[in-house]
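Visitor: The residues making up each chain are set out below.
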Amino acid sequence: SQTIHQWPATLVQPVGSPLSLECTVEGTSNPNLYWYRQAAGRGLQLLFYSVGIGQISSEVPQNLSASRPQDRQFILSSKKLLLSDSGFYLCAWSEGRGVSYEQYFGPGTRLTVT
Amino acid sequence: LAKTTQPISMDSYEGQEVNITCSHNNIATNDYITWYQQFPSQGPRFIIQGYKTKVTNEVASLFIPADRKSSTLSLPRVSLSDTAVYYCLVGGATNKLIFGTGTLLAVQP
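Chains as they are written, first to last, in the numbering used here: chain R, 1 to 114; chain S, 115 to 223.
If we strip away everything but chain R, and leave its shape as in the complex, we get (with noise of 0.2 Å):
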C-alpha cells in the first residue's frame, strides 16, 4: 500500500531564517506530488506541483521554492522565511499516469514563523 511521510510535523523558526520540509512517497512509481498551504481558518493554496524528477511548475510567486531530488521526494525550502510563511503546510500525491483528481495528503507540518 502506498503511504506519504511528511516532516517534521511542527516547526517554528524565526524570520530570516531558512526552511526545508520534506515529503517521500512509498509504495508508487513516478507520482505527481504537490506542496500546499492552508492559513488558518482557509482553504488550501497550491504552491508548487511536479510531474516527474526535476519538474516543477509553481503556483504561486513568492520567497518559496520546490524541489524533487528524486522520483519520490519533494522538498519545500525557503532562504529566508517571512512572518506570512506561517500555516499547516501539505504534501500530497497523485498516480502520475493520466488525470487522476483523488489526491492523497501526508499528515502535515504546522509552521509558525516568529
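If you want the ones that stay clear, here's a sample from chain S, every Cβ over 12 Å from chain R, calculated:
| no. | residue |
| --- | --- |
| 1 | Glu128 |
| 2 | Asn140 |
| 3 | Thr143 |
| 4 | Lys168 |
| 5 | Pro179 |
| 6 | Ala180 |
| 7 | Ser184 |
| 8 | Thr186 |
| 9 | Ala220 |
| 10 | Gln222 |
| 11 | Pro223 |
Examples of chain S residues toward chain R, derived with CB under 7 Å:
| no. | residue |
| --- | --- |
| 12 | Thr148 |
| 13 | Gly157 |
| 14 | Pro158 |
| 15 | Phe213 |
| 16 | Gly214 |
| 17 | Thr215 |
Which chain S residues stay away from chain R? Per the calculated CB distances, all over 12 Å, these:
| no. | residue |
| --- | --- |
| 18 | Ser126 |
| 19 | Glu131 |
| 20 | Asn133 |
| 21 | Thr135 |
| 22 | Lys183 |
| 23 | Pro190 |
Everything labelled a hint here was simulated from the structure, so no lab data went into it.
In this text the structure is predicted, and so the values were computed from the model without any measurement.
The beta-carbon is built from N, C-alpha and C at its ideal position, and this holds for glycine as well.
For chain R, the structure is supplied; the task is to place chain S on it using the hints.
Guide: Here is chain S on its own, set in the frame of chain R:
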C-alpha cells in the same frame, strides 16, 4: 478551472441526512466534480467524484443535474465524527485541484 460556490457553514444533528450544495455555473464539458473532507490539523481526504447523474459509494452520494451547474453531496445519517470541512472542486484535463474555503459542517448530538 471553474469557480465553485458553497455555503460557509451548516449545522445538523446526529442521525440526520445532510445535503451540501455546490454551484459551478462555468463548468466545462470535460470537468469532473470532486468532493473532499478535511478534519482539523489533517490533510483533506477524497470522498467522491462524478461527472453526471448520481454516484454513490460507501460514504456518500453525489447528485449532479443534467445541466451540471451544481452538485449536491449527500451524507446519510451523520454522526459527530462527520464534523469537518467539505470542499467541492471542479477540474478538467489537469491534475491541479483548486480548493475554496469549503463548508464547515457541525454535527450536534
